[in-house]
Amino acid sequence: MVTKDYIRRRDQRTGWLLMLPALLLLLLVYAFPILRAFWLSFFIENLSTNLEPVFTGLDNYGLMIQDGRFWQSMRNTAVFTVFTLFFELILGLIIALALDQAFRGRGLARTIAILPWALPTALIALAWRWIFNSEFGVWNDLLLRFQLISSPVNWLGEPFWAMVAVIAADVWKTTSFVAILLLAGLQSISQDLYEAHALDGASPWQSFRQITLPLIAPQIVIAMLFRFAQSFGIFDLIQVMTGGGPGGATEMVSIYIYAAVMRYLDFGYGAALVTVTFLVLVAVVGLTWLYLSRLRAKTE
Amino acid sequence: MTTAPPTPAPPQTADRGIPWMRVLLWAAIAFTVIFSLAPVLWQVLTSFKTNAAITSDAVVYFPGLDQLTFDHYLDLFRRNQFYIYMFNSALVAIVSTVLCLALGSPAAYALARLRIPGEQVILASVLIVTLFPYILLFLGLLEVVRALGLANNYLALIIPYTAINLPLTILVMRSFFQQLPRDLEDSARVDGYNTVQMLWRIVLPMTLPALVTTGILAFIFAWNEYLFALTFMTREGMKTIPVAAAQLGVTTLFEVPYGSLAAATVVGTLPLVLLVLFFQRRIVQGLTSGSVKG
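Each protein sequence line maps, in turn, to chains A and Y. Just so we're aligned: 26 in the numbering used here is position 26 of the first sequence, and the numbers increase by one with no gaps anywhere. Just so we're aligned: 38 in the numbering used here is position 38 of the second sequence, and the numbers increase by one with no gaps anywhere.
Cβ pair distances, simulated, as ranges:
(1) Y/Q67 <-> A/G247: 34 to 40 Å
(2) A/H197 <-> Y/L24: 15 to 21 Å
(3) A/R263 <-> Y/G237: 22 to 28 Å
(4) A/A217 <-> Y/A147: 44 to 50 Å
Read the hints as simulated data drawn from the structure, not as lab findings. All residues carry an ideal CB built from backbone N, CA and C; glycine is no exception.
Whenever a hint applies, use it, and build me the whole structure from the sequences.
Here is the structure:
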C-alpha cells in the first residue's frame, strides 16, 4: 500500500513536471496579455502623457461609450460575423453532405474542399482584392458578361459592396473548416438509421430533417462556436483587402484595436478595447457552452 | 435463424428518387470543386499573364502564347528577394512546430495517463484559449517583446507560434495517448523504466503518426500567421511571406503590380497546397479530433 501510494505521488510529480513548460508558455502568451490589457485599461497611456501610464480609473470606458468609431466597429463586426456564419453553415452543410456520399473521386474532392482552409488568409485576401478589382477584376467581368449588372461595380470602394466583398471572401476561406467538422459528424451517423427510416416511407428530405440535423446538432454548435470566435476577431483578411475602408465601412473591432495601438499609440484605450472585446467574446462563448451541454444531455 | 427473403428495393427510390438524388449530388460536388478552386486558379493564371494581358480592356481568360510570361516570378526573386521571406517563414514555422511538439506531447501524456489533480480545469482552459483571437493577445505580447528586446528577432515569432499551437497539440496528442494500449507501458514499468525513459523509448516511437498529424497543423498555422509577424518584424530582412506579399501592393504607389502580387500569392501558398495534397486525411483527422472530441 505504501509503495502504491508512493508510485502514485511520484507519477503526479512527474506529470506536473511534464506539463510545466507548456503551461508556463500558455500563461505567458495567453493569460498575461489578457490580464495586462485589463490592468492597463484603467490607465491613460498615450502621446498626451508621453507614453507614461497615468491612473484614470474607468475614464477609458467612459470615452468608449461616447466613441462613435467604437460602436461603428462593433456594428460592422456583428454584421460581418452574422452573415459569414450564416452562409458558412449553409454552404458547409451542402459540401459536407456531398462529401459524405460514396462517389468516384471522393478523396480528391475532399482534398480540394479543404484547400481554402489551409491557405494563408493574408494571401487569400490579395487574391480576392484582385478578383473584386473595379477596373480589371474578373468578378465584374463575369457579371457584365451574364448581364447581371449594366456597369462595373466599385466593389471595394463603396461601403455596402465592400462589406459584401469581405464577407464573400471570408465565407470562401472558412466554409471548408465548417464542412470538415460537419462531415465528421455525418460520418458518425449509422447508415442503418437511414435505411430503417426509408423503409418507413420517409423521403430524403424527411430523413435529413429528422435524423441528420438532430444528430449533427452538437457539431454544428461547435463549428459555429469556433467560427464565431475567429470571425469576431477577424484581422488579416480585412487589413489586407480593405484596411477597414472605405471610410470605416469595413472597420472591425480588431482593426480599430490595431489602429489605436500601432497608429495612435493609445495603449490605455487600446487595452480597454481589448478588454471589452474579450468580455463580449467570453459572454457569447459561455452562453453557447451552456446550450451545448444541455443539448448533449438531451441526446445522451 | 431463418434466411430472410431478399427484400426488394422500395419502388419509389428506384424509380424517381435515385436519379434526382444523383443529379443533386453531382451538382453539389461540381459546386464544391469550382467554389474551392476558382479563386486560386484565377490567381495562378494572373501570375503567368503579361502586364498587358492583365490590364487589357477585355479580361483575358485564355491567354495566347505571347500573353504568357514567367517574369513576375523572376521579379519576386530578383527584385524583391523573396527567398529571404521564404526562408524566414520556413524557419519560424519549422522551429515553432518542433518546439510545440516537444512541449505539448509530454503535457498531453500527463493529462491522458498520470491522473493529475485539476486535470479537468486544465483541459477546459486549454480548450477555451483556442477560441481567443490573436488581436486580444497582441498588445500584451508587444510589451513582452519590447521588454525583452526581441523585436526583429526570430524568437518574437517562434515563442507565440509555439504557444498558439500548444492547445491543439495537447488535445490531439491526448486523445491519441488515450487510445494507446496500456499494457505496453505497464510492461515497460516492470522492466524498470521510469516515466521519462518509458516515454522516450517506448511511447514516442509509437506516436510518430500522431506527431506528424499535429505537426502539419501547427506548421500551417505558423506559416499563415499575419498579425504578430506584421507587428513584431519591422526590418525588411526579417519579414515572413504573408506580410511581405501583402506589402507589395502598398509600396508601389503609381502602378499596382498585379502580376507580382499574384505570383507572390502562388509562391506563398504552394508549400501549403503540397501539404494538403499529401496529407489531406491527416489534416481532417487532426482538425476534428482537436476540436470535436476535445
